[in-house]
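With the hints as your guide, set chain B onto chain A.
Chains as they are written, first to last, in the working numbering: chain A, 486 to 823; chain B, 486 to 823.
Honestly, I wouldn't trust all of these hints.
No copy is singled out in the list; a pair is fine if it fits within one copy or between any two copies.
[Said to hold, decoys possible] Here are the simulated lysine to aspartate or glutamate pairs, DMTMM-like style, with alpha carbons at most 25 Å apart:
| # | residue 1 | residue 2 |
| --- | --- | --- |
| 1 | K639 | E787 |
| 2 | K639 | D600 |
| 3 | K685 | E794 |
| 4 | K674 | E794 |
| 5 | K532 | D559 |
| 6 | K685 | D588 |
| 7 | K639 | D588 |
| 8 | K639 | E604 |
Hints are computed from structural coordinates only; laboratory data are not their basis.
Number of protein chains: 2
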Amino acid sequence: MVEKMAKGALSSLDEKLVALLVAHGEIPCSGAAIGAGLGISRAAVWKHIQGLRQRGYRIEALHRRGYRLLGEPDFPSLERMQPYLTALSLLHPKQAYFFAETDSTNARASQLARDGAPEGTLCCADAQSGGRGRMQRVWVSPAGENLYFSVVLKPAIAPNDAAQITLLAGLALAQTLRDDLHIEDLYLKWPNDILIGGRKVAGILTEMMAEPERVRYIVVGVGVNVNGRVGDMPADLQCIATTLRESSGRSFDRSQLLARFLDRLGYWYRQFLQGGFAPLRESWLQYGDIQGRRVRVNFYAESFTGVAESMDQNGCLLVTRDDTGALTTVVAGDVNLL
Amino acid sequence: MVEKMAKGALSSLDEKLVALLVAHGEIPCSGAAIGAGLGISRAAVWKHIQGLRQRGYRIEALHRRGYRLLGEPDFPSLERMQPYLTALSLLHPKQAYFFAETDSTNARASQLARDGAPEGTLCCADAQSGGRGRMQRVWVSPAGENLYFSVVLKPAIAPNDAAQITLLAGLALAQTLRDDLHIEDLYLKWPNDILIGGRKVAGILTEMMAEPERVRYIVVGVGVNVNGRVGDMPADLQCIATTLRESSGRSFDRSQLLARFLDRLGYWYRQFLQGGFAPLRESWLQYGDIQGRRVRVNFYAESFTGVAESMDQNGCLLVTRDDTGALTTVVAGDVNLL
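Next up, chain A with everything else stripped away, as it sits in the complex:
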C-alpha cells in the first residue's frame, strides 16, 4: 500500500526549489544549477523533484536540459473547501483525511470506521493505486485531475436498505453538478452512475460492514472525472467515459466541488433519516433518465431486455420485460440503456 499524506507544508528547501522553477517559467532549469543554488548534489535534486511530484507538483524532466514546472498541486483540502461548507455539510471536520496517493479511499475509510471513526469521516486522495468500482471492477485513478473520496455513514438501517444510500449519494452528486456547477445534459443512471450525454462522468461505490439485521457502517465512495482529458484515458474507456472539463469546456475547483457535494449529501441524508426513501424518490426521478427508456438488465447469470417504467418506493427499478410482458422489480444489477 502506497500512502502519502498530502497535508502539511513544504520544507524550506522544497519551497526554494519550487520558487526557482517558478522563476524560470517556461525555460528548463538544469539539475546542476538547482543543486548549486540550494547547496545540494544533483542526486539530491532528483530526490526532491520526486518528492514534489508525489505531492502533486507536475514537473517535466527534459533530457540534458533540466526541469520545468508545469503545474502546482490543487489537492482538495479542508482549507480550500472551507468557503463552501455549511452547517448542513456531511463532514466531521476533525476527521478529514487527504492523501496524495492511497490504494483506495473506500479501503481507508472502511479501516477508519472499523477503528471507531465517527459519521462524516472523509478520505480524499489525489490518486488511487487500487481504485475500485462496483463488483470489484477497476476505477482508473490518475493524479492531479479527478476527485476520489469516501465518506463514512452510520445510519440505523437494515443491510437491505443500503442500496438507497447509493441512490441518495447519486442524487446529491447530480444536483451538485447540474445545479451548482451548471453542467448540462447530465443524468443519473440507475443505480449508481452519472452520465453526461450518455457517457460516464462519475460513479458511486457503496460498501458496508453489517450484521444481518443492521448496518454497522457504510462507506460511500465517489469518483468523478473532473479536469482530465478523454484522450488520456485507457482506450476502452474513451468511447464510454467523459470528464466535466471535456464536456463543458471549463475547469473546476475540486475542493469547491467536494464541499458542495458534502452539503447536498448532508441535506438528503437528514431527509432520509427522518422520512426514509420516499422524500428522495421524486427528486431522484427528476435527475434520472430512466422512464420509458429501453434497457438491458444483467444480474448474475440472468439477462433480459425491456422498458424501464419507474422506480418504486424502495428504490428498485420497475421494468416491463419484453419476453413476458410482466412488470418486474429489479433489486440490483447492471442496467444498460439501449
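Leaving out everything else, chain B in the frame of chain A:
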C-alpha cells in the same frame, strides 16, 4: 490488540520446564531449582512461565514455594481435529489459525477475508480479550474451557439473505450438540441462540462486508460454553447461561466438537448453495422450539408480545400479535420466550 499464536511446538527449554513441573506433580517447584536445572536466571524462569501461561498452560505461583502445573492446554488444533474431519468439512486446511488469545476471532477472520483469505478460513482462539455478541454486546471469553471460532464464507448472495447463514450455522451447531454429543433438552432459539433447558449455551454472530447488491464475504462467529462452570461466570449470566459440562455432567473435547461442527456446516452450506433456504427450513424447525410459544419481540424501539407460529420460507419468524391479532413477519430482532 493482544494476539498470540497457539501454533507451533514448544522450545526445547520450555519442554524441559514443563517436564520438570510434571515430574513434581502436586509439589511446588521453586524458581531457584528450575533455574538451576535449566541453567537460567530466576527472572528468566518467570518469563518462561509467563510464556507457557499464554500458551494455555495453567501454572500456579505459590508465594515463597514455587510453581505448580495445574493443567496442560487442550487448545483445539488441526492435529487434534484431524480424526473427526471429513471431505464435507467446511475448512480450508491451509487457512486454519489457532490463537492462545486474540481480541475477537470475528475481527481476525474479517481481516484475513479482506486480505483475500479463501472460503473455509478458520480462526479459533482459546480466549478473547474483546469477544462480541450480536449488536455489539460483550461475549465473555475466558481461556481454557470454551470454544470461540469464526469461519469465512463467500456465498454469492444478497445482503438480505445473510440472516439465513446465521440460521444455517445454528442448525449445524444444534445437530452437532444434540446428535453427535448427545446433549439433551437442547433447542434453537430464533434467530441465533442455542439453549439447554432454557439457558444459553452458545451463540452465533454473523458479520458481512457487502455492496448493496451482493455479499463480498461473511464471517460466521460461534461461541460455545463448553467445559466451564456457571459459578465462575459473571453474576448477571449465572441465571441465564449454562455450559455443556454443567448441563450434562461430562467434559468435552473442544477439537472434536469444532471438527464435527465444521462437518455439519459443510453439509448444510452445500445444501444452501444448491437449493437456497428451503431445504434447511424443515430441519431447523425440528431443532427449533418456537412453534406455539409465547414471545416478546424487541426490534429497535418497537416491542410487542404474541404467539410464534412458524418460520417462513426466507427464515423470518411469523408471530400472531396479541394487540392486533395480525400474523406479523419478524425479519430481525430479539425474541424472548415468555
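Do the hints match the structure? See the list:
no., hint, verdict
1, K639 <-> E787, "between (33 Å within a copy, 20 Å between copies)"
2, K639 <-> D600, "both (13 Å within a copy, 24 Å between copies)"
3, K685 <-> E794, "within (22 Å within a copy, 50 Å between copies)"
4, K674 <-> E794, "within (13 Å within a copy, 43 Å between copies)"
5, K532 <-> D559, "within (22 Å within a copy, 55 Å between copies)"
6, K685 <-> D588, "within (22 Å within a copy, 44 Å between copies)"
7, K639 <-> D588, "both (23 Å within a copy, 23 Å between copies)"
8, K639 <-> E604, "within (6 Å within a copy, 28 Å between copies)"
In the structure shown, no violation is registered for any of the earlier numbered hints.
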